[in-house]
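Engineer: FYI, in the UniProt record's numbering the residues of the sequence shown are 1 to 268.
Simulated from the structure, these hints should not be mistaken for lab results.
In this text, a Cβ means the ideal position worked out from N, Cα and C, and glycines have one as well.
Be careful, since some hints might not be right.
[What the hints assert, rightly or not] For each label pair, taking beta carbons as the anchor points, the in silico distance ranges come out as:
| # | residue 1 | residue 2 | range |
| --- | --- | --- | --- |
| 1 | 108 | 41 | 36 to 44 Å |
| 2 | 63 | 185 | 40 to 48 Å |
| 3 | 156 | 49 | 29 to 37 Å |
| 4 | 172 | 132 | 20 to 28 Å |
| 5 | 113 | 227 | 21 to 29 Å |
| 6 | 184 | 24 | 36 to 44 Å |
| 7 | 62 | 109 | 44 to 52 Å |
| 8 | 167 | 41 | 25 to 33 Å |
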Amino acid sequence: MQRWFPFPGKGIGDYLQLAGLSASCGDGGDAGLFRADTLEEARAACDARPSCDFFSWSRGDRAAILCSGGAARFKEHPSSAVGVHPRLLGLGGRGYASLPNYQAVCEPGQVLAEVPGVHSASEAARMCDEHQGCTYFALSTVKDKWSRLEPRGTPFYPANTLWLCGGEPVFRRRMGWLSAGQLRHMPPLPPAPDSPPDVAAPGVDPVPVQRRYPRSPAARPPRSPGDFIFSEPVRPKFEELYEPMPSAARQRKDATRELLGNVSKVTL
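Please put together the full structure from these sequences, using the hints given.
Structural biologist: And the structure:
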């Protein structure tokens, strides 16, 4: 395993995963509402819909809203998650490798600048290009807006903040973050879990095939890559987050009372 890329663990592949948030479609439009019992099923529904650019999945409703366009209206919600298609985050045309769900590891001497209020990958790449010595960067997006969803002891970082870094790019897995590095400085991309090994000479251990960074974004109409906007999420009212739900036994009791009440009203 390459030291630059720890084991990624569970997730929804190369989609940017924003836990603890729901999203409604922006001006691009609603691409459909689908039944999805799991986050993975929501991602599969988005994959199957060419116009889907991001989705919002609700564990309570077991449903996924598919959206088109690069603008979402976020709202904090503990039982929801948002997945952003990687084609909206790609920077291959600008000479960068984009890494959704990775945080750049910058030692104090490597941090060139910390910039608040950055809301897109293309904006972050432009700032890195303009800053001398910048080779990679990390963008916190909106994920750390709700830090209590992170494991205990995880450092808190302000949302929509950019760190510009210099030197050899190093990354670690962290859901909800978006990082990127200039292609000419990036380490080899680790093999996929199902990659076949290279054919090796007799007596030599086979070496997994190294993947290549995409140098151009996946085709997608009609918008350009790297233009997803991470708007500030709305904090809903308490009653919207934690609406009391009666227990199953209480629901059955209420249904029985209603039925008996209706029977008593019947005139013979």
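Engineer: It remains to establish, for every hint, whether it holds in the given structure.
Structural biologist: So, going through the hints one by one against the coordinates:
no.	hint	verdict
1	108 with 41: 36 to 44 Å	holds (43 Å)
2	63 with 185: 40 to 48 Å	holds (42 Å)
3	156 with 49: 29 to 37 Å	holds (35 Å)
4	172 with 132: 20 to 28 Å	holds (26 Å)
5	113 with 227: 21 to 29 Å	holds (22 Å)
6	184 with 24: 36 to 44 Å	holds (39 Å)
7	62 with 109: 44 to 52 Å	holds (48 Å)
8	167 with 41: 25 to 33 Å	violated (41 Å)
Hint compliance for this structure: hint 8 is the single one not met.
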